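Novice: Assemble the whole structure, with the sequences as input and the hints as a guide.
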Amino acid sequence: MKADLEEGADVAEHPQGGHSEIPKKERKLLGVHLERWIPLGSWKDALIGDYDYTFLFMPKWRYCRNHKVERLPPFFAVNEPLPLLLALILGFQHAAAMVGGIVLGPILVTASNTDPDAQAVMACPCRSGAYCLSPGITTTQIVVGVKIIQNYQAAGHTWNEAYGTFLGTVMVCSFVTTILSFFPISFLRRIFRPWIAGTTVFLMGVTLIGAGLENWGGGDACADGTSLCKGNGSVQLPYGSPQYLGLGAVCFLAFFLIETFGSPFMRNAEIILALFIGYAVAAFVRADYKWYVATTEISNAVGGTFLWVHAFPLGIIAEGILPFIIGYLADAATAIGDLTATEEASGLPNEGPEYDRRIQGCLLADGINSCLAALGTPMPINVFAQNTGIISFSMCASRVAGIFAGTLLFLFGIIGSISTFFAYVPNCVYGGITTFLFGSIAVWGIKVMTQDGIDRRTRFIMAVAVCEGIGVTISPKWATNNLWNVSETAPSGVRAIRNSRVLVLSTGYVFGWVMAVVLGILLPYEPDDTVQRNKAAAAAAHQKFLAPQHAMDSKMRDQDPHDLQPSPKLQELHADHTA
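For the sequence shown, the UniProt record's numbering assigns the number 1 to the initial residue and increments by one for each residue that follows.
It is worth saying that the hints were derived from the structure and are not from the lab. Just so you know, not all the hints are guaranteed correct.
[To be verified] The calculated lysine-lysine pairs, modelled on DSSO-like cross-linking and capped at a C-alpha distance of 27 Å, are: (1) Lys230 / Lys147; (2) Lys477 / Lys147; (3) Lys230 / Lys290.
[Stated by the list, open to error] Simulated DEER-style distance windows between Cβ atoms: (4) Ile179 / Leu228: 45 to 53 Å; (5) Gly246 / Ile48: 18 to 26 Å; (6) Gly240 / Pro524: 44 to 52 Å; (7) Thr295 / Gly493: 45 to 53 Å; (8) Phe92 / Asn160: 29 to 37 Å; (9) Leu411 / Pro491: 33 to 41 Å; (10) Leu522 / Ile179: 55 to 63 Å; (11) Ser234 / Ile48: 43 to 51 Å.
Predicted model, so just to flag it, every value in this text is computed and none were measured. Don't be surprised by glycine CBs; every beta carbon is placed ideally from N, CA and C.
Specialist: This is the structure we're talking about:
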């Protein structure tokens, strides 16, 4: 009996008294070890457990002086089983935090397509849940993808042909990430400096904020003010109308209320909750007796859809290869940082062979999943940083919650009414949400930039990269008009190189990444002794500045209390005044 217990056998109560041994290997369902997924014991342990559910759902009043710090729930390790109810709740929490980022990117890319059915197809979250159960749409490819689709349409091609060319190009370029996964982690850390990745992510967020503001004002198609804005249901008003700005501001108000008073569950899912609140307000208000939401189309949506319902003619556009490769390199750099942060939140070591294996597996999964995503018609995908915060809040790093999240995303995509629901989000509401979302991306880039410290050399390189990246974002025609004019009779290869150069120089985060990498190679490192000497000189100057104050304080402490009495003259004046 003792030997069996040491080997891991459990003891269960026999119906007729006594105990009977039930080895773990017999606890299987369809060949799966149940103890790896749910805690075995009573029905309560398997279904509910003893988790403090009020911690997740109880709103907080943070302005009360007697506000007490709540008791943290127990920590669930990576391979620890979860009760079914807790796994479902935490899985839905992960899925809700990802849905907003998954659907808003494709909606931005399909903004130039007037077919709502195509937008519904692109907004399906099922593709993200189907591939690796925990990715999100990569935002680095959105900017270049929008420009390529617009340029392709301007050349006389249909939207389907333009989007198919975009898919084919990102599918070919995705093998860059796959190849990187076979390099040792020491090499990857040398070429993917945090400040380079942070600068790229920051510029990407700055570039996308403009697109969010345009949709907030009514839509990017009417931002020039020459036409009325479409894409807001039956309401068509001039760009920047107060009705549009007000509905977008409702989303910002929802962000503030959720961040201030929301429970941990609500704060982790604030993007999708703010979208629901703004969507609900838009559905109940009208402008000139017209509705902002097309409720008829949503109610007529099919109940379920197949995973692949539409095909696009795949192609490759030469001018987009270099920008997409740069985007995948930036994704790889941020993926390493995201995975490292997730490991810290999950209690896993950040060094050793297991850490190297996880990093390489992450890059390999990103490359393969992006290729499969292009074949399945959605946009390329990569790891999501939002889930790291959920792990820290909920104290749950169990893989079971991630599997439930991927399953829920898969179901969200199959249910046709959900994708149609996201396809008919008014532009003004969508713009208010994405403006905050893209601002969060920019702030995340700043955090990545500063995580290893900034010396003089790094500060100079970042200043050049940021000024060039933001500059071409504000004035994109700076390098597109007369820098390199090519005639129509020039060879196609020359025109492709010229167009690729224009696309690189007019895309802020791509241009900034190129400048950061080139200067990082050319600019020599400062000697370590110089850096340390500068720090020592600054510390010495600080101490010299504080030395007189410390000397005065020391003198006051060492004086006899009788020496601190007023002078006789002051005592005499005080006595006369009292008399």
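Novice: Hints first: check each against the structure and report whether it holds.
Specialist: Hint check results:
1. For the given pair, Lys230 sits about 20 Å from Lys147 by alpha-carbon distance, which is consistent with the 27 Å threshold.
2. Taking the CA atoms of Lys477 and Lys147, the gap is near 13 Å; set against the 27 Å cutoff, the hint holds.
3. Pair hint Lys230 plus Lys290 holds up; C-alpha atoms about 13 Å apart against a cutoff of 27 Å.
4. Restraint check, Ile179 to Leu228: a C-beta distance of roughly 48 Å satisfies the suggested window 45 to 53 Å.
5. Checked against the given bound of 18 to 26 Å, the beta carbons of Gly246 and Ile48, roughly 43 Å apart, lie outside it.
6. A beta carbon spacing of about 49 Å between Gly240 and Pro524 agrees with the range 44 to 52 Å that was offered as a hint.
7. For the hinted restraint 45 to 53 Å between Thr295 and Gly493, the CB-CB distance of approximately 52 Å keeps it satisfied.
8. Judged by the Cβ atoms, the range 29 to 37 Å given for Phe92 and Asn160 holds: they are separated by roughly 34 Å.
9. Checked against the given bound of 33 to 41 Å, the beta carbons of Leu411 and Pro491, roughly 51 Å apart, lie outside it.
10. With their beta carbons about 25 Å apart, Leu522 and Ile179 fall outside the hinted range of 55 to 63 Å.
11. At about 47 Å, the beta-carbon gap between Ser234 and Ile48 stays in the expected band of 43 to 51 Å.
Figure legend: structure checked against the earlier numbered hints; hints not met, in rising order: 5, 9 and 10.
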